[in-house]
Amino acid sequence: MLIVTAVTVVKTRSLFAIVALSGVFSLLSALLFITWDAVDVAFTEAAVGAGISTVLMLGTLALTSRAEKESAKSNLLPLFAVVLAGAVMFYGTLDMPEFGSPETPVQTHVGPDYLKRIPDDIHVPNAVTAILASYRGYDTLGETAVVFAAGIGVLMLIGGLRRRRINDDDKNSSDTKDTT
Amino acid sequence: MRHHLILRVITKLLVGTIFLFALYVQFHGDYSPGGGFQAGVIMAVGFILYGIVFSLAKAQKVFPPWLVHKLLAFGVLLYAGTGIYSMLMGYGYLDYTAIDPDHPSHGQHLGILIVELGVGITVTGVMVAIYYAFAARAPILSDEDW
Amino acid sequence: MDFFFSFLCMVLIISGSFFVVIGAFGTYRFPDFWSRLHAASITDSAGVILLLIGMGIYSGLTLITFKLLVIGLFLFITGPTSTHAVANAALVSGLRPPQITNKTHKKTNSD
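Residue numbers (the working numbering), protein chains in the order written: chain A, 59 to 238; chain B, 1428 to 1573; chain C, 5 to 115.
Hint data in this document are derived by calculation from the structure and do not stem from the laboratory. Possibly wrong hints are sitting among the right ones.
[As the list claims (entries may be wrong)] Taking CB as the label site, the calculated pair distances span:
| no. | chain 1 | residue 1 | chain 2 | residue 2 | range |
| --- | --- | --- | --- | --- | --- |
| 1 | A | T118 | C | N92 | 33 to 41 Å |
| 2 | B | A1484 | A | I210 | 22 to 30 Å |
| 3 | B | G1443 | A | P155 | 46 to 54 Å |
| 4 | B | F1446 | A | A207 | 21 to 29 Å |
| 5 | A | I210 | C | L12 | 37 to 45 Å |
For glycine and all other residues, C-beta sits at the position ideal for the given N, C-alpha and C.
Please take these sequences and the hints and turn them into a complete structure.
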């Protein structure tokens, strides 16, 4: 169903349907994560992808047109490039052990080692939060900095700062004065 | 105004519950699935729901844009600040045993709480700031041309 | 007694899923917007409530049942509200339900 949704998102022209379908895609991914027993990730995916991402995209949609413009260039060269990259990636993963097999280094070295150390060091029942915030805290700092940079990027592009305009006869400047 | 009455009443009922749930998810990150990112998103959704149903001006009166921009930065500062505090105490960067050297597990617990709080504050600020930036512009098509 | 409980939750969960499938099917097949909206709201109200009651009976009297009750209350409040919001938006934009034309009535109602 994920593949069907993704193909439909690419093929549809109506932007409103695309936004709704990307919400459906995120929800399906969240369900997939739950079947793999990764509840934290599913929670985050459902909240961010199916929740706020859809809301913000609908907010953007109010500012743009309703249908995607027809593209004049042919699609064959990008399709070929994507298929080539996907084939190379597939070839690279042929050497890896089977998905979910219990003999990978993650399951034999890293996983049980962390699970053994967490009750002694941190005393926190949720292993995901313990690894995320304590053992790999530096990476979480990077993630927070990425979210911060995204916010700063949006604010710089769309304007959270008051801009002084010399000539006030431009009607579009009146809404940037509302937000400081 | 009349035909938005149901939405207004329901929003007034729900917004408090949404904030409470966001705080629950934030501080229960140690015991159940949760943590900073999810809690930040849920709290931002509370503000955005208020801003959609009532007007953007009312939402900006409750949570002014200058406060949003300051909170954005404050979350990251809080996170990096605990790292620097650990360095000042003589340990490595983001080493939580610096918070309580006698009981390392207490230090870990407190350290995790503080950094998750920093993450939650930043995520809330970013989502609300993006919503304010988009909603403050006038739409191109009016309601009837949809 | 035990058999009665499992039979009851089986009936509830199956009927809940039945309503959800009916809602989805109706959203696809009904001809115009207002009937589709009604079919979609069936999923929200009947399907989810029956499923949650079935799951609650299956779990017995634990914390899980209380959490399911809270979720059920939340969905019971927000489900019809979102249907109302969609219908309101459609009505404000000028979409009207299809009217029945009176042409055949005038000939028979001659008194």
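Problem set entry | Hints violated by the structure (numbers, ascending) | Hints 1 and 5 not satisfied by this model.
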